[in-house]
Amino acid sequence: MSAPEPSAPPTNELDSIRRWLADLRASVERKSDGLSPEQLAARSVPPSSLSVLGLVRHLAQMEHFWFVKTLSRSDEPQLYVEDGDWDAQFRGAVADQAVVDDAFATWRSVQARADEVLDHLDASDLNFVWDPEDRIGSVRDVLLQVVYEYSRHCGHLDLLREAIDGRTGE
Amino acid sequence: MSDMWLPEDQDPRTQGNPQGEKATYVEYLANYRLTLRMKCDGLSPEQLATRSVPPSTLSLLGLVRHMARVEHNWFQRTAQATGEDRLYWSAEDDDLDFNGVEPTQACVDDAFASWQREIRKAEEWLAGVAESDLGRELPIAGHPDDVVSLRDLVVHMIEEYARHCGHADLLRECIDGRTGQ
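Line order of the protein sequences matches chains A and B. Each number in my numbering comes from the position in the first sequence (counting from 1) with 142 added on. Each number in my numbering comes from the position in the second sequence (counting from 1) with 246 added on.
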């Protein structure tokens with residue numbers, strides 16, 4: 143579907159990852175643009191329990207997990223997942239303006255914290271592995287995991303949005 | 247989405263904690279090619295060809311044809327400037343990959359054979375790329391004024407597979423209710 147950014151300036155690995163991440167965040171913004179709280183909370187592809195709003199909450203949780211809890215080693219509790227109740231992030235995505243405002247504000251504030259973490263990384267950090275026995279892998283692996291998670295959820299958003307109002311495209 | 251598609255001991259995907267940039271890309275690509283294949287497992291030609299999330303025209307079989315085309319477009323037409331035409335494309339129908347799907351075993355066999363062939367060719371080419379060469383830029387096939395670095399080409403393929411695996415998640419759930427990463 144999407145093509146790599148044409149005529150992009152020569153990049154190093156970190157610049158490249160950051161550009162992909164920025165594109166994907168912008169894609170989520172477009173996919174959620176102009177929708178009412180009811181549309182944002184709609185389970186528009188049944189039997190799936192996914193909604194646009196549920197995914198925005200999940201993406202906030204996901205960025206927080208990888209950038210804040212993993213890369214920054216913070217022991218803050220996970221966002222929208224209380225007592226290990228994973229589905230709460232999706233179940234709690236209800237058609238209420240306050241819930242919508244909270245989700246987008248939280249997602250954007252996590253992005254700002256994530257960008258700060260990225261600002262402090264350099265190329266020599268990418269091969270760093272905390273624990274070879276751990277499933278987390280290298281810093282590079284974490285960054286690609288974030289790009290992968292965003293992309294897969296953008297695939298969900300494509301179909302959720304088209305089912306809401308017929309809108310398609312990147 | 248917290249659940250997995252298969253029990254861990256049956257999952258063919260790897261978590262090898264690869265070292266280095268290229269090895270990491272290679273593992274990601276291999277795993278998400280497998281993920282799309284797994285999302286198609288156990289379905290009939292009719293199910294694979296079903297546009298199960300209307301009004302979208304996407305189907306799992308359309309996605310397999312599309313990924314054969316995308317692998318060929320980036321790893322052959324762009325990376326190796328082969329000058330070949332696109333796969334599953336015609337001047338009259340740019341979406342022939344999706345629109346030309348038929349609920350037949352022949353269409354399924356053709357799509358999976360093309361896809362697996364393009365994956366093998368892509369893997370062969372990528373195996374010969376040196377890590378130090380990932381920043382090299384190439385003109386994009388069909389867009390001679392635009393360039394892409396080898397790095398961005400490969401990361402784009404990972405992102406492309408991931409996005410289409412997202413489509414496949416919902417297409418499959420609407421066919422038979424099966425979910426999982």
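A couple of the hints might just be wrong.
Unchecked claim - Straight-line C-alpha distance at most 16 Å; calculated EDC-like pairs for lysine to aspartate or glutamate: (1) B:Lys-268 with A:Asp-283; (2) B:Lys-268 with A:Asp-257; (3) B:Lys-268 with B:Glu-330; (4) B:Lys-268 with B:Glu-377; (5) B:Lys-367 with B:Asp-391; (6) A:Lys-211 with A:Glu-155.
Rather than coming from a laboratory, the hints here were simulated on the basis of the structure.
Next pair to validate is B:Lys-268 with A:Asp-257; report whether the Cα-Cα distance is within 16 Å.
Distance ~24 Å between B:Lys-268 and A:Asp-257 Cα, so the pair is violated.
Hint consistency between B:Lys-268 and B:Glu-377 [alpha-carbon to alpha-carbon, up to 16 Å]:
Judged against 16 Å, a Cα distance of about 6 Å means the pair holds.
16 Å Cα cutoff - pair B:Lys-268, B:Glu-330
violated, 26 Å
Sort out whether A:Glu-155 lies within 16 Å of A:Lys-211, counting only the CA atoms.
Distance of about 23 Å is beyond 16 Å: violated.
Given the hint that B:Lys-367 pairs with B:Asp-391, test it: the Cα-Cα distance must not exceed 16 Å.
violated, 26 Å
Holds or violated: are the alpha carbons of B:Lys-268 and A:Asp-283 at most 16 Å from each other?
Holds, at roughly 11 Å.
Going down the numbered hints, you'll see the structure goes against 2, 3, 5, 6, while the others check out.
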